[in-house]
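There are 2 protein chains.
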Amino acid sequence: MAIREQAFSTIASVFKMHGAEALDTPVFELKETLMGKYGEDSKLIYDLADQGGELCSLRYDLTVPFARHLAMNNLSAMTRYQISKVYRRDNPSKGRYREFYQCDFDIAGQYEPMLADFEVIVVLNQLLDKLDIGTYEIKFNHRKLLDGMLDICGVPAEKFRTVCSSIDKLDKQTFEQVKKELVEEKGLSVETADRIGAIVKKRGSPFEILTELKAEGSKFLENSGSVAALGELDILFQALKEANCLDNLVFDLSLARGLDYYTGVIYEAVFKGTTQVGSIAAGGRYDNLVGMFSGKQVPAVGVSLGIERVFAIKEQQAKDRNQVVRATDTQVLVSILGKDVISASKLVTPLWNANISAKMKVSKRVMDHITFAKQKGIPWMVLVGESELASGVVKLKNIELNEEITVSREDYVEELRKRL
Amino acid sequence: MAIREQAFSTIASVFKMHGAEALDTPVFELKETLMGKYGEDSKLIYDLADQGGELCSLRYDLTVPFARHLAMNNLSAMTRYQISKVYRRDNPSKGRYREFYQCDFDIAGQYEPMLADFEVIVVLNQLLDKLDIGTYEIKFNHRKLLDGMLDICGVPAEKFRTVCSSIDKLDKQTFEQVKKELVEEKGLSVETADRIGAIVKKRGSPFEILTELKAEGSKFLENSGSVAALGELDILFQALKEANCLDNLVFDLSLARGLDYYTGVIYEAVFKGTTQVGSIAAGGRYDNLVGMFSGKQVPAVGVSLGIERVFAIKEQQAKDRNQVVRATDTQVLVSILGKDVISASKLVTPLWNANISAKMKVSKRVMDHITFAKQKGIPWMVLVGESELASGVVKLKNIELNEEITVSREDYVEELRKRL
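Chains as they are written, first to last, in full-length UniProt numbering: chain V, 1 to 420; chain D, 1 to 420.
Looking at chain V on its own, in the form it has when it is part of the complex:
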């Protein structure tokens, strides 16, 4: 939890630097709000029992609730962040939980093309840099380029989304496995699947792949969607270059993203270190999602960071450095050698009033107190037995140095404050 709080604070400060306001949405949405947004993953949505009233489901991500919020409140622009939990009926496995935090940053509204997309990618870079998790790579693609590719390969338009779901598995499966699914389950011809296979293996630095796709004779130039996508990516990559955010970017034509709602750029950040945690952040542009609720189009682009995977990396880093993370930072233990709760309250109150973190312990055995302080990592004790009570003094004991001094009851708060 201590690591987590530190990470949340870092993340929120990046979001705020980009002018995002915090938004909090309910944990459950109307079931119908979530239907038809997540492709094949919709089966992982948790429903609430029908106890009368509306049918509800637990939120599956923070993007759909954000879009619903914009639509319901008739907002045409908002830059918001949200750090909240989402719920998926998944089989828990390493780095995959049924309940986990997402940290989302989204820019909704009509802006000059690529302006918002640029800022979101900068935010993603800043998040990963400031969290200091080590080497990472941001895989990059564009839905319109992907659709253009499928069109070029001969896939009928109505199969674009389901074929994308298969392509999306290429980070975990071989092309042979995916090809089998494309042919046997999705009904593509072997030739079409192979044509897809030849293109999706293209990956490299942004301008390198961009140049290849725009080269004379490229099939992509024959598809209007792809041409638009290549124009957008050109502006975006130039802007990102100015912001020094291009080094970690990999243009990867196999990146498809499973979710239905993306319409433009898509990306996924992958940690390259020794702790294998897979994708740590992902996002993209979704220009039609708000309109699905309100009929009024509000273009939007965003990114979602899965913080549990970041924690896994940070914990491993702390372990590697033999770093001990204390769950609390109590400074003083008020130790009464006896059974006297009222004396304890007299001695602890001035510490709390001075904003000094303090605990009390009442026990006749001195070793109980010392053992407790050591266990909790509390550096100082205010030790009071019958003789101290009688003479109006207290003993201040430093646990680590095993040193103690006797001071008057008027002075112990000030003496402690000097030493903390």
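Be aware that one or more of the hints could be misleading.
Because identical chains share one entry, a pair is satisfied inside a single copy or across any pair of copies.
Below are the DSS-like pairs computed for lysine-lysine, each with C-alpha atoms no more than 30 Å apart in a straight line [unchecked claim]:
| id | residue 1 | residue 2 |
| --- | --- | --- |
| 1 | K43 | K85 |
| 2 | K241 | K346 |
| 3 | K130 | K85 |
| 4 | K31 | K43 |
| 5 | K172 | K364 |
| 6 | K16 | K85 |
| 7 | K186 | K172 |
| 8 | K296 | K214 |
| 9 | K85 | K31 |
| 10 | K201 | K296 |
| 11 | K130 | K16 |
| 12 | K172 | K272 |
| 13 | K43 | K241 |
| 14 | K202 | K272 |
| 15 | K346 | K179 |
It should be emphasised that the hints constitute simulated quantities derived from the structure, not laboratory data.
Every value quoted in this text rests on a predicted model; they were computed, and no experiment measured them.
Put chain D on the given structure of chain V with help from the hints.
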């Protein structure tokens, strides 16, 4: 949200000063974990749909999940805090929501009697003082005293809990209404109900009521549970007096608390200001709850603050003071008079790198930029048109003062930093 974040930070700092570690529990618990813990309010629990696997419910409070956590992990002591949402199938009304935050602080473990109870009440006082919500009152009672009273009045032991549920309504209903329920629904005789009525109207300063209940001839001295309770309250009130936490306490024999699990002191904080929000915090001792899960008794005491009601008060305070709470604190708007996203990225990146909160806007109309900055309360603009681009300068414009200066592109970050 800005008010909320400020309040959460204040609350967490009080909890940490008392050595509490943060705990996060899942939003849903096994349904059976929540059964039989909340008395008549159990009907307000949200269940998840049966989609295969375990039957689960959304958490109703943070106390039962904490007890379950202690039991599951075989912990015999823990001081924890948790700031999380809970869920109740209630009819939403003023200050009552279906989803709301609770801020809980609990001390579990075997301590000298009243030591932990004392600290929890101090925490409650500090929370309410530091949140600065105005005058409040903490109603105070003891479950064993209440049980003793019911025994004295002739209520059979098996009806104690259900009669308590009725008494608990005395803050919203007249005694006549509650008496009707006691006689017609709970099956008490009119005489028994009237005897209860005579006692529950006792309320006053802690030592005053304590003295009355301990006076010679008091029926409470004939009941062993009540005698124990009076002894505990004596120690507790003395300790609280030392901590200056007795002034807001009212010993109120009508305070019953609806929940089943309390076994000792119980309390409820009520705001006394003009914004009517009812109870803002409540808690008590629950020594048997952990044992219900593990069979191993772990005594515990805690308090839960309902932060939405605090927000309602704080928002009213801000309104009364004509205080404007900005949702974001963006310092600079990078305004490109044109359509040039790449120039915007060049100009904004150094600001972000200098940790200056900045937004970009690309538009040919100067007034678009100024209107936007004013709407968002952004104090500074970096204004760049074609002529500035050509000559390598930018205009810095202060919106409020309506002043602008022209500086070179090498210096604008430093110039802004000086002025922010």
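We went through each hint and held it up to the structure:
| no. | hint | in the structure |
| --- | --- | --- |
| 1 | K43 / K85 | both (18 Å within a copy, 25 Å between copies) |
| 2 | K241 / K346 | between (63 Å within a copy, 9 Å between copies) |
| 3 | K130 / K85 | both (22 Å within a copy, 29 Å between copies) |
| 4 | K31 / K43 | both (12 Å within a copy, 22 Å between copies) |
| 5 | K172 / K364 | neither (61 Å within a copy, 47 Å between copies) |
| 6 | K16 / K85 | both (20 Å within a copy, 23 Å between copies) |
| 7 | K186 / K172 | within (19 Å within a copy, 63 Å between copies) |
| 8 | K296 / K214 | neither (34 Å within a copy, 71 Å between copies) |
| 9 | K85 / K31 | both (17 Å within a copy, 20 Å between copies) |
| 10 | K201 / K296 | neither (38 Å within a copy, 59 Å between copies) |
| 11 | K130 / K16 | both (14 Å within a copy, 26 Å between copies) |
| 12 | K172 / K272 | within (15 Å within a copy, 60 Å between copies) |
| 13 | K43 / K241 | neither (40 Å within a copy, 58 Å between copies) |
| 14 | K202 / K272 | within (19 Å within a copy, 68 Å between copies) |
| 15 | K346 / K179 | neither (75 Å within a copy, 43 Å between copies) |
Hint compliance for this structure: hints 5, 8, 10, 13 and 15 are broken, all remaining hints hold.
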